[in-house]
Amino acid sequence: MTHTSIYVLNQDSAIDFYTNKLGFKVITDAPMPDGDRWITVGPPDQPGFEIILSPITRGMFSEETVKALRELVEKGAFGLGVYTCSDIYATYEELKAKGVEFTKAPVKEFYGTEALFKDDSGNWFSLAQLG
Amino acid sequence: MTTEQYPKIYLYRRIVQAKLFIDNHCTENIDLGNISDEAYFSKFHFIRLFKQIYGKTPHQYLTFVRIEKAMELLKTGMPVSEVCYAVGFESLSSFSGLFKRIVAMTPSTYLAQQQKIKAQIVKSPLTFVPGCFAEKNGWTKK
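Chains as they are written, first to last, in this note's numbering: chain A, 1 to 131; chain B, 1001 to 1142.
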């Protein structure tokens, strides 16, 4: 996979979260017609994989859909993926120190150790150390 | 949320604080010996634990973070010599050598490459967007 989308409430705030908190790099920040911006970020050790920080104001949605989608994101309705790391306790402590909100502290599961956190928009992710 | 008390939590917190200190002060003249003192570890123990968690010694990690910072500044168009000192190196030759070892190209090549990308973004931004996204957003019609 080369691209995947995350719907965000505010692109600038999302850039701050994904770069300064998660440690991702901005890959592209390009101005588009009508003041839109195409912004992608990615983990530095996974070249070729880009996460699109999509604002929920795009031309592809109706006004009604934009409203509904914003509400769902704000409610934390979307679990969007799993980030793996080599040492979950260190990563958990670091992200917490940076202000990332966790809804579940690291817990040993049968598949590894897992915690849950939210991004600045309300999307939630698993943070896992496998094995 | 209940916090599971995982093993050696205090060790993790100290090492993570040291790592964050390096992140936040990487452009300054950091004395890594002082960091181990502040973390209440012997220097040897500190280096061993740090490497165990991050896969690099604190010194290697500091160099890595400085080079990453240098890449960010080069992206803005800052000249190589200015970037070298701005990220905490004292010698242009050692900066260039380390940069090339980590990034696999010289700082000046990286600067030129990034400037080219920047110019292309301004000239034809849609070349950076997969066609389906551009079309769905109505950008291809404008």
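Honestly, the hints are just simulated from the structure, not real lab data. These numbers were taken from a predicted model, which means no experiment stands behind them. Glycine residues also receive a C-beta, built at the ideal position from the N, C-alpha and C atoms. Be aware that a few hints might be false.
[As the list claims (entries may be wrong)] In silico contact screen, one side only, chain B against chain A (beta carbon under 7 Å); selected entries:
#1 Y1012
#2 V1016
#3 L1049
#4 I1053
#5 Y1061
#6 Q1120
#7 V1129
#8 G1131
#9 K1136
#10 G1138
Do the hints match the structure? See the list:
no.	hint	result
1	Y1012	5 Å, holds
2	V1016	4 Å, holds
3	L1049	10 Å, violated
4	I1053	5 Å, holds
5	Y1061	13 Å, violated
6	Q1120	9 Å, violated
7	V1129	5 Å, holds
8	G1131	12 Å, violated
9	K1136	4 Å, holds
10	G1138	4 Å, holds
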